[in-house]
Amino acid sequence: MTDTKSLRRHTGRLSLGLAIVAVPLLLALLGPLFAGDPGPRAVSFTLGGGHWLGTDFVGRDVWGQVLLGGRTVVLTALAATALAYLVALPVGLVSALTHLRRLEDVLMRPLDVLLAVPSLLLILLVASVFSPGAAGLALLVALVNVPDAARIVRAAAGEVAARPAVEALRMQGETWWRIAVGHVGRSILRTLAADAGIRLTGVLYLVSTAAFLGVGVAPDASDWAVMVDRNRTGLFVQPWAVVVPALLIVALTTGTNLLFDAVLEKKGRRP
Amino acid sequence: MTVGGLRSFVARRLLLGAAQTVAVVLLVFALTEALPGDAAVALAGDQPDPARIAAIREAMHLDRPWYERLGDWAAGLPQGDFGTSLTSGRPVGQYIADGFGPTLLLAALTLALLVPAGFGLGVLAARHEGRLVDRLVSSVTLAVYAVPEFALGVLLVTVLALKLAWLPPTAVGYGTDLLAHPAALVLPVLVLLSRPVCSLSRLVRAGMVDALASPYAAHARRYGVPGARVRYTHALPNALAPAAQQLARTVDWLLCGVIVVEALFVIPGLGTVLLNAVAERDVPVVQGLAVVFGVLTVVLNLGADVVAHRLTPRAAVAA
Chain A
1 MTDTKSLRRH TGRLSLGLAI VAVPLLLALL GPLFAGDPGP RAVSFTLGGG
51 HWLGTDFVGR DVWGQVLLGG RTVVLTALAA TALAYLVALP VGLVSALTHL
101 RRLEDVLMRP LDVLLAVPSL LLILLVASVF SPGAAGLALL VALVNVPDAA
151 RIVRAAAGEV AARPAVEALR MQGETWWRIA VGHVGRSILR TLAADAGIRL
201 TGVLYLVSTA AFLGVGVAPD ASDWAVMVDR NRTGLFVQPW AVVVPALLIV
251 ALTTGTNLLF DAVLEKKGRR P
Chain B
1001 MTVGGLRSFV ARRLLLGAAQ TVAVVLLVFA LTEALPGDAA VALAGDQPDP
1051 ARIAAIREAM HLDRPWYERL GDWAAGLPQG DFGTSLTSGR PVGQYIADGF
1101 GPTLLLAALT LALLVPAGFG LGVLAARHEG RLVDRLVSSV TLAVYAVPEF
1151 ALGVLLVTVL ALKLAWLPPT AVGYGTDLLA HPAALVLPVL VLLSRPVCSL
1201 SRLVRAGMVD ALASPYAAHA RRYGVPGARV RYTHALPNAL APAAQQLART
1251 VDWLLCGVIV VEALFVIPGL GTVLLNAVAE RDVPVVQGLA VVFGVLTVVL
1301 NLGADVVAHR LTPRAAVAA
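The listed protein sequences correspond, in order, to chains A and B. If you're matching positions, the first sequence starts at 1 in our numbering and goes up one per residue. If you're matching positions, the second sequence starts at 1001 in our numbering and goes up one per residue.
In case anyone wonders, no lab produced these hints; they're calculated from the structure. For each residue, glycine too, the CB sits at the ideal point set by N, CA and C. No incorrect hints appear here.
If you only want the chain A side, here are some residues facing chain B, beta carbon under 8 Å, derived:
1) L120
2) A127
3) T201
4) D261
Work out the full structure, taking the sequences as your base and the hints as a guide.
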């Protein structure tokens, strides 16, 4: 394969990922600005009558709901990913850089144990006792992502921390902070970026699946996943109320995955 | 690799598995303790009449200290005694027995199809590396990999069940005897397969591509070993170890998938039992199912780690 050909193919995949993710992302972030007044409720599950995509299970305009329904999914997923790293980064860095075996055990062993619990199960368990809102869902999804993220940070940082450069910095009397953040932290950025892409895709999956199962959302919330769930009863009469939000979720998750895959390939692995 | 090395790895891994099992049991139990205020009042929720609160307190023995309840509950678990439901008063074990059949059928069918489909696609893509088939398989698996089951499922139902009317849209009316109605199983299994097949085939492809480009594969070809034999007896075994581990990781996914798919296609399995119990805040049923699912995951992951360790003794498997 010639260089120009592979470059062209790569640019193609990059723009494909961008194009797929752009539609749901723009709708999610800018949609609420254009949604306007909800207007009076009409008959449920009808087509036409001034409603571009018909009405939903309680007679709201489907297009209006589509405009409103992406924000929670996207923002909850972004917050959960950021929160997971907020905990995983210090835990992973400290346990990679410490010389105290015991401290490392105290930090990492509980996480190994947490890894055993299936993620959706943990979310449902908590949801059966508390009724978490969107913030609670973000916290929960972050929590189930911490063990794996911390292990990856620990593995990547441990490899860098064993290099002679770090020993030299230590002997020079550099502060722990400068070694950990300035050198080790900077060296593992690429690994972290790759992991963040995979993690964001997984978080989007969990957040939307939890919302579909009714965790962290009101039963009539304006949320794409909730729309898919609640409007299923009218699938025979009014498929648009289900198909449009489902397609948007597919585009969002697929596009994110394709985009990160293309971006990371350019930066890393292959020259 | 010495036998002692394997044994000590297995011993360490077993210890971790035991710790994980204990942690699952403790975590599940801690849930009721975490309830703010009086647990019985909190669980009564929308119907806070005194009789119901008293019934909940009675059923969960809330008047006794927590360590006695934990001891009793944990002692009952190995004997299949999971307590009684708050809403119906039936034993939790009966709920689990009722829902077990359909879920086991779904999981077994999915696993049975997952292995040939995942390996087939992976080998196919690796054989045609860089060509159209490979790019097609790689892009499609990468794209489908990320899609939540409910979104894919609902779209498949709309097209295949409603527009084309090839398959029934749900399993409503078939009860627990799903094997008698194979048409109702096609869509659920297809949806369940979507994500694991993608991840497995990508791993097999990557492993095969690496193995086929390795010096020993080139050497075998120079000796005139036929291509098929190089592929299947030399290269494929080396792509197995990461795949075996991925197979265990898919248990987590299968579990998530089963819950969603049962809800989507109205299949009366364990996932449906769990979701109903969550909606009704029937804590003993949720706890019983969580222990079963959690321990199952621990055991399967343990098995896969040991198998993967056996396949690649030099790779350090975390334990």
